[in-house]
Structures are given as structure tokens and as C-alpha cells.
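Just so you know, the protein sequences line up as chains A and B, in that order. Heads up: the first sequence begins at 455 in the numbering used here, then just goes up one per residue. Heads up: the second sequence begins at 455 in the numbering used here, then just goes up one per residue.
Incorrect hints may have been included.
Using C-beta positions, here's what the derived DEER-type ranges look like [unchecked claim]:
#1 A:PRO464 to B:TYR542: 38 to 48 Å
#2 A:GLU484 to B:ILE568: 28 to 38 Å
#3 B:ASN490 to A:LYS558: 23 to 33 Å
#4 A:GLY489 to B:ASN540: 30 to 40 Å
#5 B:ASN540 to A:LYS508: 32 to 42 Å
#6 A:PRO565 to B:ALA581: 47 to 57 Å
#7 B:ASN490 to A:SER493: 45 to 55 Å
If you are wondering where the hints come from, they were derived from the structure by calculation, not from laboratory data. We put the CB at the ideal spot given by N, CA and C, even for glycine.
2 protein chains.
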Amino acid sequence: MNKEELKVDPIKNGTVIDHITAGKALQVAEILNIGNTDSEIMIGLNLSSQKMGKKDIIKIENRDLSKEEAGSIALISPGATMIIINDYKVVKKFGIEIPLKIKKHIVCPNPNCITNIEGVKTKFELAENNPIEVRCIYCEKKYYIDEVKFRF
Amino acid sequence: MNKEELKVDPIKNGTVIDHITAGKALQVAEILNIGNTDSEIMIGLNLSSQKMGKKDIIKIENRDLSKEEAGSIALISPGATMIIINDYKVVKKFGIEIPLKIKKHIVCPNPNCITNIEGVKTKFELAENNPIEVRCIYCEKKYYIDEVKFRF
Chain A
455 MNKEELKVDP IKNGTVIDHI TAGKALQVAE ILNIGNTDSE IMIGLNLSSQ KMGKKDIIKI
515 ENRDLSKEEA GSIALISPGA TMIIINDYKV VKKFGIEIPL KIKKHIVCPN PNCITNIEGV
575 KTKFELAENN PIEVRCIYCE KKYYIDEVKF RF
Chain B
455 MNKEELKVDP IKNGTVIDHI TAGKALQVAE ILNIGNTDSE IMIGLNLSSQ KMGKKDIIKI
515 ENRDLSKEEA GSIALISPGA TMIIINDYKV VKKFGIEIPL KIKKHIVCPN PNCITNIEGV
575 KTKFELAENN PIEVRCIYCE KKYYIDEVKF RF
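Whenever a hint applies, use it, and build me the whole structure from the sequences.
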């Protein structure tokens, strides 16, 4: 770990989400429903980073992320990396792939979409890469990722 | 500072909001509009605390809080303390008083309230202390503090 990463204390067991785009950590925290957990959590915003200038970071004690949670984080912050910690040691470190299809976890902002009217589970697909946009396969509307809400 | 407070690195200049009720830090972060600042920020959730069992903490580099911001934080987390840091030293440490009147910064949840219809600035008063409830002086409806949104 480099100097910047040490700005926040190490955790014993859990997950570190590093290299989050600066300013995006609170959106990531929302995806992870962090307000409703008992685990010890550290969120760092606008930390200085040699690689990125500024970055955010989140450390969560005693939690593994699901593939769907990781995918949603990649949509919000494509460059984020995951670090799995066990007994203070890094056991795995990897980038997160941006998913091409997103089932269930994005709420369609279109109030007239069938997913909102009839409670059908949403299905979105990746529409644009930079900046990221997603398209609802039901109403076919396209949204910037910052316009949608996630629900887990 | 005790051992728990050292779990998050010290800041050089700025404000520490300590002894936030566990789980409330993200609401406090919202009041402070933390997602839209460039300052280095650390948010700790569910940290162990001798005094409180669990607590949250927020550290913000290079920022003073206004009286209104501090008052809103007291409504969300009545036991919070403020620590002003200058050149790594604590220059002031104090509890925050729960305000009896709250002008402008609470959005009335009642869509029919004149403050929402005619854009009149809101005025709320403290209605109950434990748990905290506030009353809109226009429509006279009473709300738990977790039901209202703050706007700064």
C-alpha cells in the first residue's frame, strides 16, 4: 500500500473500495446501504492520490460485496478497485468490470415505465461508456448514471 | 484525545464533529453538503466508543461551520460535539445546543404548505425533545426530525 492509502487506518477483515472517483463515495455508500449497517466503516473523500490527483475510498469491516453491488459501483466509478482484507492482510485486489446488463437493482426514473406501474423487475443495459449511460429495456429511455437510483 | 478518536487520522485545520449518534453521520454529511466540496473529509461510522458504545465522527479539512449548520446537526444528533482544529491542535471544543427555532433550512414535507406553494421561507420550532420533533409554524404540522429534509 502506498502512503495515500495509509491515510485511513487499516481494517482487520472486510473490503476496501479504493480509487473511487473523487466526490462519488457517498453515492457508493448509498448503493451499499451503509447507513443501515452495524459494521465499522470509514469513508474518505477528496484524499490526495498520486495516480488520480484526488480520490475517495471506503473501508467496510466484516463485509463482502456481491457481484451486483460491485457492478453497480463500477457504473458510478469505473476506475474503482476492490481490496479484500483478511487478518490485516490484502488477500485479493482487483478492478471491477462495468456490467453490460443490470438486473433488478436500478430504479427506472420514468414514472410511466411498466417497472414502476406494475412492479416488474427492472432490466437495464449499458448504453454509453464515457460518460456512462444506461437504457431501460422496457421503456427504452436512456439515463446518465447519476440520474438513476439504485435499490438493493 | 482518547484511543477511539485516534482511529481516524488527525487533520491540520478544520472541524471535527464527534460523538455523532451511530448511523447518523450520512445525514449530517447531507446537511453539510459534503458531496459537493473539494475539502478532504473523513467519515467514520459505528466506531467503538467508551462513552457511547458506538458513535460516528466526521472530520472536515479547512471548513468552519455556521451556527445554522451546527444547530441542524444538533437536531439530528443532540449529543454531538464540535472540535475546532488549528495547526493540528484543538483550539475549541464544545457541545452544540439544540435550536428552539429553525429558519429557512428545513424543507416542510407538507406539499400543501404555503412554504412549498408560494416559496415562502420556512420557519420551524422545536416541538418535542426526545425524540426530537419540529413543527412548521405555517401549516402547524409536526414532524419527527428524520422525516424532514434540510436545505442549505
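Against the structure, the hints come out as follows:
Our hint of 38 to 48 Å for PRO464 of chain A and TYR542 of chain B is violated, since their Cβ atoms are close to 22 Å apart. Between GLU484 of chain A and ILE568 of chain B, the C-beta spacing of about 32 Å keeps the proposed range 28 to 38 Å intact. For ASN490 of chain B and LYS558 of chain A, the Cβ-Cβ distance of about 30 Å falls inside the hinted range of 23 to 33 Å, so the restraint holds. Taken as a hint, the range 30 to 40 Å holds for the pair GLY489 of chain A and ASN540 of chain B, whose Cβ atoms sit roughly 31 Å apart.
For ASN540 of chain B paired with LYS508 of chain A, a C-beta distance near 24 Å fails the hint of 32 to 42 Å. Remark: the range hint 47 to 57 Å for PRO565 of chain A to ALA581 of chain B is contradicted by a beta-carbon distance near 34 Å. Take ASN490 of chain B and SER493 of chain A: their Cβ atoms lie about 26 Å apart, and the range 45 to 55 Å is violated.
In this structure, the hints that do not hold are numbers 1, 5, 6, 7, in rising order.
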